[in-house]
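Student: Take a look at the letters that make up each chain.
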Amino acid sequence: MMIKEIKLVLLLPLIIGATGCVSLGVEPWQRDLLAKDEMSLNGSGVDSALDDHIYFSKEASSGGKGFSGGGCGCN
Amino acid sequence: MNKNRVVRLTKNKDSYGITFNAMASPCEVIIQSTDKQLAAKLGELIATEVWRIEDKYSRYDHSSVCSAINNHAGHSVAIDEETYLLLNFAEQCYQLSDGFFDISSGVLRKVWSFQGAQASEGNNDKFPTAEQVKQMLKNVGWRKIYFDQKQITLEKGMEIDFGGIGKEYAVDRAIILAKQLTNSPVLVNLGGDLAVTASRLNNEPWQVAIEHPGRDNNHINFADMIISLKSGALATSGDARRYLIKNGKRYGHILNAKTGWPIDQAPRSITVVAPQCIQAGILATLALLQGANAEQFLKKQEIKFWARR
Amino acid sequence: MKTNTNIKAALTIATAALLGTSNAAQAETTSTAGVEESAWEFDSAFLFYSEVDRVSASEAIINATKTFADDQVLNLKLTVDVLTGASANGAVAQPNVQTFTRPSGNGQYTITAGDTPLDDTFHDTRVQLNGQWTQLIAPNYTASGGVHISKEYDYLSLGINGNIAFDFDRKNSTFSAGFSYFQDTFTPEGRIPKPFTSMLIGDSSSGSWDDDFSETRIGSEDTKTTTDILLGFTQVINRRMISQFNYSYSMVDGYLTDPFKILSVVSDFNAPDSGIAQDYIYESRPDSRIKQSIYAQSLYHFEHSVLDISYRYMWDDWKITSHTIDSRFRIPLGDTFGRESYIQPHFRFYQQSAAEFYQPFLIDGDTLPAYASADYRIGEMTTFTVGLKYGLLVNNGDDLSFRLEYYRQIPTNAGFDEPGVLNDVDLYPTIDAIIGQVTYSF
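Chains as they are written, first to last, in our numbering: chain B, 1 to 75; chain L, 1001 to 1309; chain Z, 2001 to 2442.
In case anyone wonders, no lab produced these hints; they're calculated from the structure. Treat each hint with caution, since some may be false.
Said to hold, decoys possible - In silico lysine-lysine, DSS-like type, Cα no more than 27 Å apart, as pairs: (1) L/Lys1179 <-> Z/Lys2008; (2) L/Lys1036 <-> Z/Lys2389; (3) L/Lys1230 <-> B/Lys36; (4) Z/Lys2389 <-> L/Lys1011; (5) L/Lys1110 <-> L/Lys1156; (6) L/Lys1013 <-> Z/Lys2389; (7) L/Lys1144 <-> L/Lys1156.
Please read all numbers here as calculations on a predicted model, not as lab measurements.
For reference, chain B alone in the conformation it holds in the complex (with noise of 0.2 Å):
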């Protein structure tokens, strides 16, 4: 039975890396999906903007996905 589990931990780093290594990305002709507004990192830009604006006045922490930035005297 140990050696059995043994070999799934040792399979398990193996399989991540192989896949990691080998089929991340896609082709030019795959990026149907990837190119649909929804897909976008910064899809909703106007809403990321006005709530890092709330957030940054609430909050303790700012930034991360962009510049943290000043900008305001609300904090």
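Go by the hints and put chains L and Z onto chain B.
Tutor: Same frame as chain B, now just chains L and Z:
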């Protein structure tokens, strides 16, 4: 054969996208219209046509016309008009290329196993001997094929393969059907070979990104480029990933149908623009067959192209 | 090969025979260099933020983007917001009425027994302008530069930023590095208070008031600078998934204190009036802060829906650490309501630990620490946001959306014992807010 034959419709900003899988590639149709019914109808029409061509001319499909012809090599096989027209086209290409383009050269893949080959010195075991190539070359030769409007006869051991023209032909057929159905601008993209019916609204061009299909040994990719297409088609020939290396020499997957050996110094890929997709595809392939002179060949013909070496 | 024949012409004839088309068709291409110039695209949004009994803010954004030939992108953004209402001044609630001096020094306000002291004099209008230029500088290298200016009645912020991104592996991977620099000048109404001096409370109409008030002030303006470095890596995982990882390092130097915030100094545990405020002193924060964060975001396209989920871990040398999880799930509704539409639930969770100098109050008689602030926003806190967005396509692909969110801030006790009467009042009041937004993109 497990065929995933589904047509998907997605709404984009001012257009509908239709996607499906055919000919081992993701396929895409874009119609610049907000009419969903029209988009759905177009998608169904084009996908059905592409699948029809795939079923009819795929050499992997045992019930295809192509398989019927190959499986009865040595006997005559009845053909319809469409098949005759395709064979006639292949004949023209054979003549124009002085025999370099030959749809019967596919059997050479039995000794040249490029599929899955990696760019390393270690895969010499996939490299055929001169004798193997010579033996296999006996089964190649368009001149040994007899065909007319009703039938075709291959010599025993021979095979034909529509792989070099089938996808491009399907693009052109899809464009004809799209033009019959609608005046809205349509783009048809079958795994990188594509054509448009017209420019986008307000005479804007379609932006088509062409990226290098592969990477070199250091995983560094080449610059991509964007082509603005207002009408016509473009097709790409070549695939940088499929080659073998022996004694430091790189053998590409474009084979010389006359010698059975890969074309020396051929570009890794060539993209050509032409009024019809099948023309673009043939021109790209003919250029690759020119090896070191590929670019010169296309320049002389005043053809718009992009070559990757 | 027959290089002398016109292969192109011969092929055209062969193709016409195959497809039954005329050979008049032409392929027409233009500029191989890149994209052609586009029309301006606009995003406009109006947002309303309202806390129960506290601050209300209205904010309008208009964002314009134009793509020029060769993929150069110009982005201009104008933001205007108006803030009114009451904000916690940092003092603790008491069993009796409390009186405070307004930040301007002109007049006083009183707080009912048991209520958290709020200063209701906040009214500010802010105008912000951003410009950003992005372009390809070499194959696979994109550079971007921008300027920022924001002006309020008492605050001016000027900023610049630059970023460079390198695409590789068929544009499936992108490394980016950026910096930004902000220079802010604060000229608060009533000038800048001396840290840890007592708030002057009394008759503001008396002759000596102005001089006495000036005694508590050290200047009329102060500045702070913010320098950010941001390193990012973006990776397309597969046809359905894309991920981003960022590391950011931010140095803030200068005046980081809030001139409007005070701390209650209350009687100690053994005093007969234990917990009763004896004094109110202006807060004091260090003049530098180094913040770092790691951020990861992934987008996954299911059959139809899209999940957008991100996580941020932030830590700084004020000993604040925070976790933020933000997720959006976009579900297309097809054209159920006659138009193409979608709904998008939003959930956000945020938790922070307190700054090391955070104190909800000070104990009378204790030695003053080097720094202290009772601002709940740098205390221990958990916040939640739940929201729903409904978007639909109108006219010629214009996008109209409505968003309604509920935001709750739950400050918690970071381990401070409460003397006497403070046990009977709420030192960590929960704050509820509603966010409403309309966006129109055209």
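Student: L/Lys1013 and Z/Lys2389: Cα distance at most 27 Å?
Tutor: 18 Å, holds
Student: Checking one constraint from the list: CA of L/Lys1110 to CA of L/Lys1156, max 27 Å. Satisfied?
Tutor: The hint holds at about 16 Å.
Student: Does the structure keep L/Lys1036 and Z/Lys2389 at a Cα separation of 27 Å or less?
Tutor: It holds: about 24 Å lies between the C-alpha atoms, which stays within 27 Å.
Student: Does L/Lys1144 pair with L/Lys1156 here, judged by a C-alpha cut-off of 27 Å?
Tutor: Holds, because 10 Å separates the two Cα atoms, which is no more than 27 Å.
Student: Would the hint linking L/Lys1179 and Z/Lys2008 be met if the CA-CA limit is 27 Å?
Tutor: 24 Å, holds
Student: Need the status of pair Z/Lys2389, L/Lys1011: alpha-carbon distance at most 27 Å?
Tutor: Cα-Cα ~18 Å, so holds.
Student: Is L/Lys1230 close enough to B/Lys36, meaning Cα to Cα at most 27 Å?
Tutor: Status holds; Cα separation ~22 Å.
Every hint from the earlier list agrees with this structure, and none is contradicted.
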